[in-house]
Amino acid sequence: MQMETAIEVNGLITYYGKREVLKNLSFSIPQSMTTVIVGGSGCGKTTLLKHLIALLKPAKGTINIHGKDITKMNETTLIEFKKKMGVLFQGAALLNSMTLADNVALPLREHTQLKQPIIDIIVRMKLDLVGLTGFDTYYPAQLSGGMKKRAGIARAMAMDPEFLFFDEPSAGLDPVTAAGLDELIIKLHKAFKLTLVVVTHELPSIFKIADYVIMLDAGTIIFIGTIEELKASTSPKVKMFLQRQAEEEPYRPEDYFKIISGS
Amino acid sequence: MPLRVENFFGLIGRRTLSFLNNVHDVACLVNDVFYWTLISPMRGKQIRFRAVITEIVRTGYNAVPIVAVISFFVGVILALQAAYQLRKFGALIYVADLVGVSITRELGPIITAIIVAGRSGSAFAAEIGSMKAAEEVDALDTMGINPVRFLVVPKLIALMLMQPALTAIFDLIGMLGGFLLAITLLEIYPYSYYAQTVNALLIKDVMTGLVKAWAFGVVITLVGAYHGFKVSAGAEEVGMRTTASVVSAIFLVIFFDFFFTTLFYYFL
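As given, the protein sequences belong to chains W and U, one line each in that order.
Heads up: the first sequence begins at 1 in the numbering used here, then just goes up one per residue.
Heads up: the second sequence begins at 1 in the numbering used here, then just goes up one per residue.
Rather than coming from a laboratory, the hints here were simulated on the basis of the structure.
Just so it is clear, the structure is predicted and the values come from calculations on it, not from any experiment.
Hints may be right or wrong, so weigh each one.
[What the hints assert, rightly or not] Taking beta-carbon pairs under 8 angstroms as the criterion, some of the chain U residues facing chain W (in silico): (1) Glu-6; (2) Gly-10; (3) Ala-134; (4) Asp-141; (5) Thr-142.
[Unchecked claim] Sample of chain U residues facing chain W (criterion: CB under 7 angstroms; computed from the structure): (6) Ala-133; (7) Glu-135; (8) Glu-136; (9) Asp-138; (10) Met-143; (11) Ile-145; (12) Ala-215.
Built from N, CA and C at the ideal position, the CB exists for glycine as well.
All chains, full assembly: derive it from the sequences and hints.
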């Protein structure tokens, strides 16, 4: 299968203080596919996502999106790029002081000259798309977690983006709601042929939505390939993740004693 | 012993670095705020007028009652305290001068600034801080909306207008309080109190007060926004930053008051 590259990352290194969080990552994300970035907690996957959406600047390395390096863009070109992407944050990050309709309308009001009646129509379309018809006058605080995430997707879709990024879409949701969200992601992908990047650690989600998988462990890539290749992988770390095994007890008793005595 | 010396220099180094970092952050914020307030509107990026109106109502209109009550009492107290001394010299009529000049030049701007720092500066810090903690600021950024333009600029414009306005209200009602006390308790003839006040006050007194008020408005907004954006996560930090914003806003207001008063003393 020949894949067109949408996002290409080269030699990405980043630090939090002195700790190296991402250690020289190089990979590419294919166009019009659902790429899932997986890994245990603290492996740097959310940090990686923040770099892809230009919230953080790397210490070193390039991130090319359609051949343009977003780490070296100035404010104006970066805004043009940001108009073409939508992001769903872990907590949905809707503006609490605004109704759902205003939340979805926000990017349209800021970036387009559309008249209010047209914005109203687009807002209703987007809310209908995520199954929130009739909730336009609700405030985010009045919604459940799953509904907030759906509203967040509606807002991310407002500008008809080319890229959609999801940060742990099913975190903190019950299995049924999470499955519903996965269905929505699949639906969006089929309907709009978007390039999706999903950060998650939920196994059921990965097998349901992923076309392409990037697996991180402690800031390095331990697996990259299609979902079939993931299932067939023989790497012990990959297997451990897929079979939900805990990591082996890493200390010997003497080491443990040293740790607790602080020496 | 060398260890202690090392620790000492290490401490100085760490403190200096973190201080310089803070200076850098403040400079970046000030730069951003003035870019988005002054320069970007000229490049065709409109200021959000509806948000400005909302902030004017919140920070200005809603603060009128508390400013009115406090200013009235400050006027009364000032007249009483002045009378306590001036009575000894049989110079009660000069209560009018003292109340008028001290309120317009000093007490009006400074007490209004402290009220606004407590009311609105803390609200700015808490609002921006909790938005930061809930990733809402990041969300704005990824939508291509500059958080400073979206959140800070309307507040800055609102306070630049409302701080002098509230101060003017304070001046008026404060002098009214002094006037009412003087004509009742001190039994000064109303017209002579009025005439004395008009004689004593110069346009300069009122204007320097209002200029100071304008500067305090800028300071309060910037401090609130700075502390708000400094929040990284968690409700506890929002609380800490809110407190810090009030404390440092009041400190900076006093500092700038000193600065402007010296400036006006020598050049006006």
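Here is what the structure says about each hint:
1. The closest approach between the C-beta of Glu-6/U and any C-beta of chain W is roughly 19 angstroms, which is over the 8 angstroms cut-off, so the hint fails.
2. At its closest, the beta carbon of Gly-10/U sits 15 angstroms from a beta carbon of chain W; the interface hint therefore is violated under the 8 angstroms criterion.
3. Taking 8 angstroms as the C-beta cut-off, the interface hint given for Ala-134/U holds, the closest approach to chain W being about 6 angstroms.
4. Residue-level restraint check for Asp-141/U holds (minimum Cβ-Cβ distance to chain W is 6 angstroms; threshold 8 angstroms).
5. Checking Thr-142/U against chain W by beta carbon gives a least distance of about 4 angstroms; that is within 8 angstroms, so the hint holds.
6. For Ala-133/U, the suggested interface contact is broken, since its CB lies about 10 angstroms from the closest CB of chain W, more than 7 angstroms.
7. The criterion of a C-beta within 7 angstroms of any C-beta in chain W is met by Glu-135/U, whose closest approach is roughly 4 angstroms, and the hint holds.
8. At its closest, the beta carbon of Glu-136/U sits 5 angstroms from a beta carbon of chain W; the interface hint therefore holds under the 7 angstroms criterion.
9. Given hint, Asp-138/U at the interface with chain W, holds; its Cβ is 6 angstroms from that chain's nearest Cβ, closer than 7 angstroms.
10. Because the smallest distance between the Cβ of Met-143/U and any Cβ of chain W comes to about 5 angstroms, under 7 angstroms, the interface hint for this residue holds.
11. A least Cβ separation of about 5 angstroms between Ile-145/U and chain W falls short of the 7 angstroms threshold, and the interface hint therefore holds.
12. Against a cut-off of 7 angstroms between C-beta atoms, the interface hint on Ala-215/U is violated, since the closest Cβ of chain W lies about 29 angstroms away.
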